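Protein chains: 2
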Amino acid sequence: MIEYAHKRVVIENLTPEVNEGRYPVKRTVGELVKVEADVFADGHDHVTAELLFRRADQSRWRTVSMRHLGNDRWRGEFSIEEECEYLYTVRGWVDPFRSWQNDLRKKLDAGVDVSVDALAGVKLMRESYREKKTKRAVRLKALADEIEAAHTDADRIRLLCFTEELTAIMSQPDPARVSEYPRQLRVQVDREKARFSAWYEFFPRSRGRRRGAHGTLRESERLLPEIARMGFDVVYLPPVHPIGVTNRKGKNNTVNAEPGDPGSPWAIGSAEGGHTALAPELGAMKDFTHFVSAAGRHGLEVALDLAFQCSPDHPYITQHPEWFKWRPDGSIQFAENPPKKYEDVVPIDFETADPGPLWEELKGVVLFWIEKGVKIFRVDNPHTKPFAFWEWLFAEVRKTHPEVIFLAEAFTRPKVMYRLAKIGFQQSYTYFTWRYTKHEFIEYMNELAHTEVGEYFRPNFWPNTPDILPEHLQHGGRPAFIMRLALAATLSSNYGIYGPAFELCERDAVAGKEEYFHSEKYEIKKWDWSREGNLKQIICRVNRIRRDNPALQQTRNIRFCETDNEYILFYLKATEDRSNILLVAVNLDPFHTQSGWVRVPVHELGMDSAQSYLAYDLLSEDKYIWKGDWNFVQLNPAVLPVHILRIHHRLRREADFDYFM
Amino acid sequence: MIEYAHKRVVIENLTPEVNEGRYPVKRTVGELVKVEADVFADGHDHVTAELLFRRADQSRWRTVSMRHLGNDRWRGEFSIEEECEYLYTVRGWVDPFRSWQNDLRKKLDAGVDVSVDALAGVKLMRESYREKKTKRAVRLKALADEIEAAHTDADRIRLLCFTEELTAIMSQPDPARVSEYPRQLRVQVDREKARFSAWYEFFPRSRGRRRGAHGTLRESERLLPEIARMGFDVVYLPPVHPIGVTNRKGKNNTVNAEPGDPGSPWAIGSAEGGHTALAPELGAMKDFTHFVSAAGRHGLEVALDLAFQCSPDHPYITQHPEWFKWRPDGSIQFAENPPKKYEDVVPIDFETADPGPLWEELKGVVLFWIEKGVKIFRVDNPHTKPFAFWEWLFAEVRKTHPEVIFLAEAFTRPKVMYRLAKIGFQQSYTYFTWRYTKHEFIEYMNELAHTEVGEYFRPNFWPNTPDILPEHLQHGGRPAFIMRLALAATLSSNYGIYGPAFELCERDAVAGKEEYFHSEKYEIKKWDWSREGNLKQIICRVNRIRRDNPALQQTRNIRFCETDNEYILFYLKATEDRSNILLVAVNLDPFHTQSGWVRVPVHELGMDSAQSYLAYDLLSEDKYIWKGDWNFVQLNPAVLPVHILRIHHRLRREADFDYFM
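Chains as they are written, first to last, in the numbering used here: chain A, 1 to 661; chain B, 1 to 661.
Keep in mind that the hints are not guaranteed to be accurate.
As the list claims (entries may be wrong) - Here are the simulated lysine to any residue pairs, SDA-like style, with alpha carbons at most 20 Å apart:
1. B/K340 x A/R105
2. A/K193 x A/G296
3. B/K7 x B/E50
4. A/K363 x B/M1
5. A/K7 x B/W392
6. B/K7 x A/R22
7. B/K340 x A/A110
8. A/K106 x A/T167
9. B/K123 x A/D349
10. B/K340 x A/V116
11. A/K325 x B/L124
12. B/K34 x B/E50
13. B/K341 x B/F411
Stated by the list, open to error - Have a look at the derived ranges for each label pair, beta carbon to beta carbon:
14. A/D174 x B/Q474: 39 to 49 Å
15. A/A56 x B/K34: 35 to 45 Å
16. A/G111 x B/K251: 23 to 33 Å
17. A/E3 x B/E322: 16 to 26 Å
18. B/E343 x A/I442: 57 to 67 Å
19. A/D354 x B/N102: 19 to 29 Å
To be verified - Calculated from the model, a selection of chain B residues having no Cβ within reach of chain A, i.e. all distances over 12 Å:
20. V33
21. T48
22. S65
23. R75
24. D145
25. E371
26. R507
27. R578
None of these hints come from the bench; they were simulated from the model. These figures come from a predicted structure and were not determined experimentally. Beta carbons: idealized from backbone N, C-alpha and C, even for Gly.
The following block holds chain A by itself, in its conformation from the complex:
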């Protein structure tokens, strides 16, 4: 303990810090890491706190002065400049020279004689260089001599307190006095798409040229320009592997498939291969790489489904019976969640006695598809495999492919979902699909954006999936689809839809369930891809708005604002520098026109209450001149249930408004 006698500063309660630093916070290039800590010492001396950060692969720390927020809380921030891991920590020390300067100023203010105190300042200078021969020491000695030689106390004090060079030299800490926070914390820096992406999911098999025939990847390529035109940048395909024959599911999840039924793509593996094979109906492997290239030419990335489970016909079962559970009667253990059974799926037994070879094999699957050009994976049910497996897999993949993005499809308990994010998933499915009311949105978004969760959990909002046709879409009609699209695309910077069911406003559900009737999971659908009432144009516009407005390219900048109508959700999204300010008003009632007053936080936006400003609806291209904080909105769901308003508040003269009107 005595060895810490001179390290008087305490540093604690550092944020952000995930599980005492075991897990990193997540950022992309350009994002800030805002660090706070309690930093204080005994007594009343001047404390200095510094934020240190560096690339993990470089040794030199860069420093940022932290500023005191009050109550011994300090803040500093740094910006991520490169796509690599960063480290950060905090250090602090008691600064005797600054303490002396502060005391001296107080004495001067009180009119106390300070002639001896001035010399004490010189003494501090001399003590700080004694027995050292550095450039700093030489310069300090020269300054000390000069000050001592000054003719009057006033001169001495001026030199001691107001010489920038001296203050700078003396602010360099004595290492023996510096307390360091005990941990160095990590920043996982992912590429930009981890933060900002728009996903389009579809089943290539429903994209056959001849209606009803099994579509191929070649045929699906024809869809790519349309997906790109709508403004998406990720095309996500359900599993593309051979589908099992044994217990194959028929239409509407029946246990007896009829001849010609294609089965569920998630029943992976047949005599034709397993997780590294392509279903022959979709084409050959060269068609797959061709598809990936074609997508790339349209600015689209292909995301593949990673479903680590097998059909009863998967080659693994004979090659590696030790990777599965066997029942006492010699039969294999099927997937089940009693009393429910999944007859066409066999789970992999991650509790197998020697998991090493299994883990390596599954890693091989990921690397295989990376080799084919896939850099994004949507992981099916990751919460039913051990956390340690994913943590290991991500570390392994990152060694050679740090650009790969994994999306966790875990619809499960919150702490499990958050843990998956902590151990490395770049994006996560969420409860958005089941949040309906204003209160629910505000509560959930504040949890995602304004608690520690936001440091490591990147939400990806889906209004529908092949598994889920939520109640409000079944009943709310086209307005509900538009409302959910706008919410997903503006609340979260990552979102996706399952198409064309979504843009065609498909709402035919299994009675009493949130499932699609004649689900595409079990059959080839004959979609009319341009059916009347489709949302392609509005999707196109929403994605265009997202691309044009950086405020929508992040999630944690959300701030909810007051309204006097429980059906109107109203929120602000702005960039850190306020150069891009959006206000979004959503009518959560798909059946009725709702109107009311909404409160714009004008002061936070640098405006005063008397100021007028242009609110330009990027969706409808309507323009409103608003003034001060409370303004009126009216949203007719049959027309458009949402305003996405860009605020132009630097327009102060009428002439400026004319230009826009």
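Guided by the hints, dock chain B onto chain A, whose structure is given.
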């Protein structure tokens, strides 16, 4: 990572945990440690969570099953049985047999054929003992054979699911599956007085037989029976050491003492000795030990002031000039907080180049007085000495004297005060002295009792000190003194008064300041110890109530209840088992009668809204029959500004009430 493949359970967010386990939580014998943690695994298997605890000096863990609170949060608790350090941690595992039992029950409920599943249960049994020759293995094999030999599935299932012995055996975890929380956390167990104490501070020098003459410790012994009669158990003496002559302070903190002025006891050290000497005016060292013994015979412990600072005449200054700061003109650096100066005090320089000898010397001071029978120290301004010093000192003292209690007199910023508590102070002064309004009390008490602070910070509430005569006591008269006494003594289980100024309702202040006029710090006072209007009887009663009611012997059990009057503070204190329930109502307005409705949380107390119960005022001996939650109180400050009501709610028949009325 692969080595953790079978440790599927995650344990995080364990509470209580202070600074990631660097500091212990504090308890006394009989208190509970309530531990919570997030415990969960991937998938849907049955998770078991266990709290482990042990004496730090023993190796065998004792275990407590934790119960699931929902949302993957688990809770368990253990009771401190002995006065020694304890350790605790949490472990968890996935239980395959319980998972199998759960699944089987669901299948039985759904009417599914389970004949193969039953055999799977037997298989789990056989797998859990294979290749082992333990007693457990032998017994398991016998049970497995018996179950397999059963005639029907129904018999097998009954044996597998409803044999307590089997469930118990199978619930013992496979060590390879057990996840342990990464840290073992400590409990600092102090003796009971650290949790429950009533302090009486006085200046022995004002207790002379001849009025105005310097009192001695022998003379002060005459006061001990009266202090004991009032119900205190700690007698705290300001420093008893020789007082410096140089720059000695005169009456009312003047810089020029007149002949006969005794000086401030905190200006420690003269030619007659320093921190291990007794001021000759008080007597010889044998008088000190005699005083300690006499106190002990009255059930009183003596607390000494530990003020690590010196008068300019302290022997240390010539013996150890290196322990002080010297100014460039060769003069010693006095204590100052610019522009304020403390001319009679020289601070010790803890930044001295070699702090080892200094620290050892100060430790020697503490051990010296421990040797003389002092086991409680009130530490003066601990926040102006390095945290590392105290942490070291306490560890050193604890080696041989774990019974010693240190009270931190740090009136400073909250995080500094909390840090001092973390590093080991058993009790701490607080902001109670400056909390006046209902909102302030509720906010402050909830922070002290119901946040992490309560785990390590034990408040000691003082309505006054020799340094502080707060504004409300200056103006509120006798009712204010009674109100503050009741608040201090019932809000906090540790409290103290500076007497006889307090019980005599002394309210003569320096104009415009919260300081005593003619402060006892600078002169010998001529108190009329039995002055009319004194509070001795009421203090006696309040301390009696505290001794009789275990609910008042802890601080963290406070719970504030609603009232409809802003001037009435109403709170519940009850023991864990509800065998002792007190409700306290305080009129915070010393000038006017206040009345209003107060809400008793009857359901929490095991009563229903229609039930009558006796509320017995332990202070006035008045009795009230209350009913349900909302009841009426009226408090006239001129009579008694407070109810301390004991609730007798097991009285249901009128006859019972008659007995009490």
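Verification of the hints:
1. B/K340 x A/R105: Cα-Cα ~13 Å, so holds.
2. A/K193 x A/G296: Within the cut-off at roughly 14 Å; holds.
3. B/K7 x B/E50: Answer holds: B/K7 to B/E50 is near 15 Å, not above 20 Å.
4. A/K363 x B/M1: Cα-Cα ~14 Å, so holds.
5. A/K7 x B/W392: holds (14 Å)
6. B/K7 x A/R22: holds (17 Å)
7. B/K340 x A/A110: holds (10 Å)
8. A/K106 x A/T167: holds (18 Å)
9. B/K123 x A/D349: Answer holds: B/K123 to A/D349 is near 16 Å, not above 20 Å.
10. B/K340 x A/V116: holds (17 Å)
11. A/K325 x B/L124: holds (12 Å)
12. B/K34 x B/E50: Within the cut-off at roughly 13 Å; holds.
13. B/K341 x B/F411: holds (18 Å)
14. A/D174 x B/Q474: 39 to 49 Å: holds (47 Å)
15. A/A56 x B/K34: 35 to 45 Å: Cβ of A/A56 to Cβ of B/K34: about 40 Å, so the range 35 to 45 Å holds.
16. A/G111 x B/K251: 23 to 33 Å: holds (26 Å)
17. A/E3 x B/E322: 16 to 26 Å: holds (19 Å)
18. B/E343 x A/I442: 57 to 67 Å: Cβ of B/E343 to Cβ of A/I442: about 60 Å, so the range 57 to 67 Å holds.
19. A/D354 x B/N102: 19 to 29 Å: At roughly 27 Å between Cβ atoms, B/N102 and A/D354 fall inside 19 to 29 Å, so the hint holds.
20. V33: Answer for B/V33: holds, closest chain A Cβ roughly 21 Å.
21. T48: Per Cβ check, B/T48 is outside 12 Å of chain A; nearest 16 Å; holds.
22. S65: holds (20 Å)
23. R75: Fine: 15 Å to the nearest Cβ keeps B/R75 off the interface.
24. D145: holds (15 Å)
25. E371: At about 23 Å from chain A, B/E371 clears the 12 Å cut-off, so the statement holds.
26. R507: Nearest chain A Cβ is 31 Å from B/R507, so the label holds.
27. R578: holds (33 Å)
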